[in-house]
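J.: Listed below, chain by chain, are the residues.
2 protein chains.
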Amino acid sequence: MISVVLLGAGNVATHLYKVFHNSDAITVTQWYNRHVDKISTYKNEVSVTDSLIELVEADLYVMAVSDDAIATVSEALPFQDRLVVHTSGTASLYDLDAKHRRGVFYPLQTFTKDATIDFSAIPLCIEALKKADYKLLKTLAHAIGSQDYKVSTEQRKRLHIAAVFANNFTNQMYRIAHEITEANQIEFDVLKPLILETAKKIQNMSPYMAQTGPATRGDKQTIKKHLNLIENPQHKAIYKLLTESITETHGRKKL
Amino acid sequence: MISVVLLGAGNVATHLYKVFHNSDAITVTQWYNRHVDKISTYKNEVSVTDSLIELVEADLYVMAVSDDAIATVSEALPFQDRLVVHTSGTASLYDLDAKHRRGVFYPLQTFTKDATIDFSAIPLCIEALKKADYKLLKTLAHAIGSQDYKVSTEQRKRLHIAAVFANNFTNQMYRIAHEITEANQIEFDVLKPLILETAKKIQNMSPYMAQTGPATRGDKQTIKKHLNLIENPQHKAIYKLLTESITETHGRKKL
Ligand SMILES: NC(=O)c1ccc[n+]([C@@H]2O[C@H](COP(=O)([O-])OP(=O)(O)OC[C@H]3O[C@@H](n4cnc5c(N)ncnc54)[C@H](OP(=O)(O)O)[C@@H]3O)[C@@H](O)[C@H]2O)c1
Ligand SMILES: NC(=O)c1ccc[n+]([C@@H]2O[C@H](COP(=O)([O-])OP(=O)(O)OC[C@H]3O[C@@H](n4cnc5c(N)ncnc54)[C@H](OP(=O)(O)O)[C@@H]3O)[C@@H](O)[C@H]2O)c1
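These protein sequence lines map, in sequence, to chains A and B.
The numbering of the first sequence is my numbering, which starts it at 315 and goes up by one.
The numbering of the second sequence is my numbering, which starts it at 315 and goes up by one.
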């Protein structure tokens, strides 16, 4: 049984609490948040606190707090030589105070509070300075059904950038498609199957192989027509730049 | 029973043949392609031909040929006053020769020959000049399990642009993420659950509501760090432009 003290009560902490609580191999010994009212509804299940001084002993302390609070909160922890991890994609392992045994437990997924989260589909990127700590984090990942990936600080930073492209920028493509359909009295629903299929396709095929469309075909006429039809100057600039990017990837001459 | 003559043997025609052939409400009377060898393996199931002169009578002629062949092939058809439709997202209804009863039967999905296609998840964008023809196309869509959408020529053109964003440009985001992971010895597989979740999320939530990440939060520090880490100048330009686009959408001041 792994005993965990959880710190924070945001998107990530709330989902971690639930999945830890439901695992037979994990016990959440205590839950801390600076505003305790946010977690007080859980006080029948778990000991809650807003005082760092009151923190009890545990195998590991999971700090799911904002990136810029990681350094100060870890410094304020009134103990040393215990395993303390953060859950950030960008923060360094060394942002944690050096008095702790340090680690990272970064779930590579987009969390919003209300969406249900299937941890078995979430890769856990793990880092630790000590071998035994690494092993414990791996066991923790498996206990919630996740697959673990050993990722260095440098790799995690790049992975976070890749995730911005694969998640935030992709979602902005959906947003622009939404703006275009809305402006033309078309239901955005028409595009939903296409969006899902696009994501499913690359589960078994490289994005390179999966690419289709005017830029891949080198269909200059369609591209020109599209650029004439797009009124929003920012949409136009994005259309141009991404068409160039696809053209470069697929090795055709500049359009 | 709707009788169909199919023209073309590319990605779309091949999938349409299969789904028409499997429907109890549709009979494919004949299949035409200019190179008949491409469809000759089907000759035990359906009458195949490479001669337009030999085309038999049918309720409807579905032309799934390249966009730039639509005008010439429709003109070459040796009959008139029959219902002829194309399957293009960009071509106009009026690209079809005026001697026909004209229509459009545009499946909004990305087709590649080998992938299996679930037509029940494909919106069919329909257009026709005559009411009775429109009704027939609607019946055809339902017979293959698809949902039909009434879309005008103008709307279909904009929808095609929206699809370029939602499909081709999205896929290019995956491609860039792939390039970043590959360059850093990270398995692209780590990103696949995130990609799928991003697409699933907007099935029940607007892309606006679903957006997260540094640009949405106005997290200038992370954006700056990312821009410093990205070496590829095109990736950097895309990161900048899409960050601006998200910032504009989410109403924060310019970063
Ligand atoms: N959201 C995601 O999709 C996602 C995915 C992977 C990793 N992460 C990482 O997970 C961590 C948490 O993210 P989140 O989305 O859960 O954030 P969040 O929803 O904004 O929650 C942040 C939490 O940190 C607490 N906090 C902030 N400043 C603090 C301080 N100075 N002292 C004590 N507590 C403080 C907040 O306390 P109050 O409740 O009292 O305000 C809140 O509970 C971050 O490192 C983030 O990079 C997020
Ligand atoms: N692929 C998609 O994802 C997709 C999605 C929705 C709609 N569409 C539309 O569906 C139509 C077909 O696309 P596709 O992807 O199936 O194309 P494709 O795979 O490139 O196949 C094109 C077909 O058109 C035939 N063709 C080309 N020029 C011709 C000519 N001058 N005379 C007679 N036949 C000619 C070709 O004959 P040969 O076999 O003899 O070369 C081939 O069978 C297009 O209008 C396209 O815009 C495509």
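Derived from the structure by calculation, the hints contain no laboratory data.
Hints are not guaranteed to be accurate.
Note that identical chains are pooled: a pair holds if it fits in a single copy or bridges any two copies.
To be verified - Straight-line Cα separation of at most 30 angstroms, DSS-like style, residue types lysine-lysine; simulated pairs:
(1) Lys413 / Lys514
(2) Lys444 / Lys539
(3) Lys332 / Lys539
(4) Lys514 / Lys357
(5) Lys357 / Lys538
(6) Lys550 / Lys357
(7) Lys444 / Lys464
(8) Lys550 / Lys449
(9) Lys357 / Lys506
(10) Lys352 / Lys534
(11) Lys464 / Lys514
J.: Against which earlier hints does the structure fall short, listed by number upward?
T.: The structure breaks hints 1, 3, 4, 5, 6, 8, 9; every other hint is satisfied.
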